[in-house]
Amino acid sequence: KAGVTQTPRYLIKTRGQQVTLSCSPISGHRSVSWYQQTPGQGLQFLFEYFSETQRNKGNFPGRFSGRQFSNSRSEMNVSTLELGDSALYLCASSLATPTDTQYFGPGTRLTVL
Amino acid sequence: TQLLEQSPQFLSIQEGENLTVYCNSSSVFSSLQWYRQEPGEGPVLLVTVVTGGEVKKLKRLTFQFGDARKDSSLHITAAQPGDTGLYLCAGEGSNYKLTFGKGTLLTVNP
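Protein chains in written order, with the working numbering: chain A, 1 to 113; chain B, 114 to 223.
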């Protein structure tokens, strides 16, 4: 069974630009969560989608948004990038809830210059 | 806001030594998960503990959930270089939300 895939793996952007990251969950998984990982703050929850609906949201500004498609694939978007947005963005999928066994993708490393 | 404090933040030991990593909170969690993350990869779930006082063993790794479900520990016996990685704990709060600790970076030297 294929794992969680994330594209792209690496991304370099400049301040003010916007970026879209993609996540393909494991087949049959309907819950997709997004996390931001930085050395200083650790792994922080961004949002979770289930059946194309945002079910939970973390404490991030509105510049961070996401969506989920009918095939459970998910995208997250960050607008007006800031230097502090540089991080590893991780996507995780699970059958129904994040507290089921979550399978993480390898992440997208975003660098904002 | 539920917080999880992990200690120590960094740990460097020699192969064959034992170690314990702690995960503490002032909040009660429904369950607690432990993950290991290796460089360039996402975290991988090691275990989930659910019942207060529960102890689970995974080969040389022993996980314990505190009686009050506010804290947990991970003990590794006879550490090996393959145990090197970032160990993360995550607590389940309300509405399926997971709160992660900042992690313990373990290096096991041969």
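Think of the hints as simulated: they come from the structure by calculation, not from any bench. Mixed in with the good hints there might be a few duds.
Facing chain A, according to a computed beta carbon distance under 8 Å, are these residues of chain B, among others [unchecked claim]:
hint	residue
1	Phe123
2	Arg149
3	Pro152
4	Pro156
5	Arg173
6	Asn208
Calculated lysine-lysine pairs in the DSS-like style (CA-CA distance at most 25 Å, straight line) [stated by the list, open to error]:
hint	chain 1	residue 1	chain 2	residue 2
7	B	Lys170	A	Lys57
8	B	Lys210	A	Lys57
9	B	Lys170	B	Lys183
Glycine is no exception: its CB is placed at the ideal position from the N, C-alpha and C atoms.
Status of the hints after comparison with the structure:
Look at Phe123 (chain B): its Cβ only gets to about 12 Å from chain A, farther than 8 Å, so that hint breaks. Because the closest C-beta pair between Arg149 (chain B) and chain A is about 11 Å apart, greater than 8 Å, the hint is violated. Using the Cβ-Cβ criterion of 8 Å, the hint placing Pro152 (chain B) at the interface with chain A is not satisfied: the shortest such distance is roughly 11 Å. The closest approach between the C-beta of Pro156 (chain B) and any C-beta of chain A is roughly 5 Å, which is under the 8 Å cut-off, so the hint is satisfied.
For Arg173 (chain B), the suggested interface contact is broken, since its CB lies about 22 Å from the closest CB of chain A, more than 8 Å. The closest approach between the C-beta of Asn208 (chain B) and any C-beta of chain A is roughly 6 Å, which is under the 8 Å cut-off, so the hint is satisfied. Our distance criterion of 25 Å between C-alpha atoms is broken by Lys170 (chain B) and Lys57 (chain A), whose separation comes to about 33 Å. Annotation: proposed proximity of Lys210 (chain B) to Lys57 (chain A) holds, straight-line Cα distance about 9 Å (limit 25 Å).
A distance of roughly 19 Å separates the Cα atoms of Lys170 (chain B) and Lys183 (chain B); the hinted pair therefore holds under the 25 Å criterion.
Hint compliance for this structure: hints 1, 2, 3, 5, 7 are broken, all remaining hints hold.
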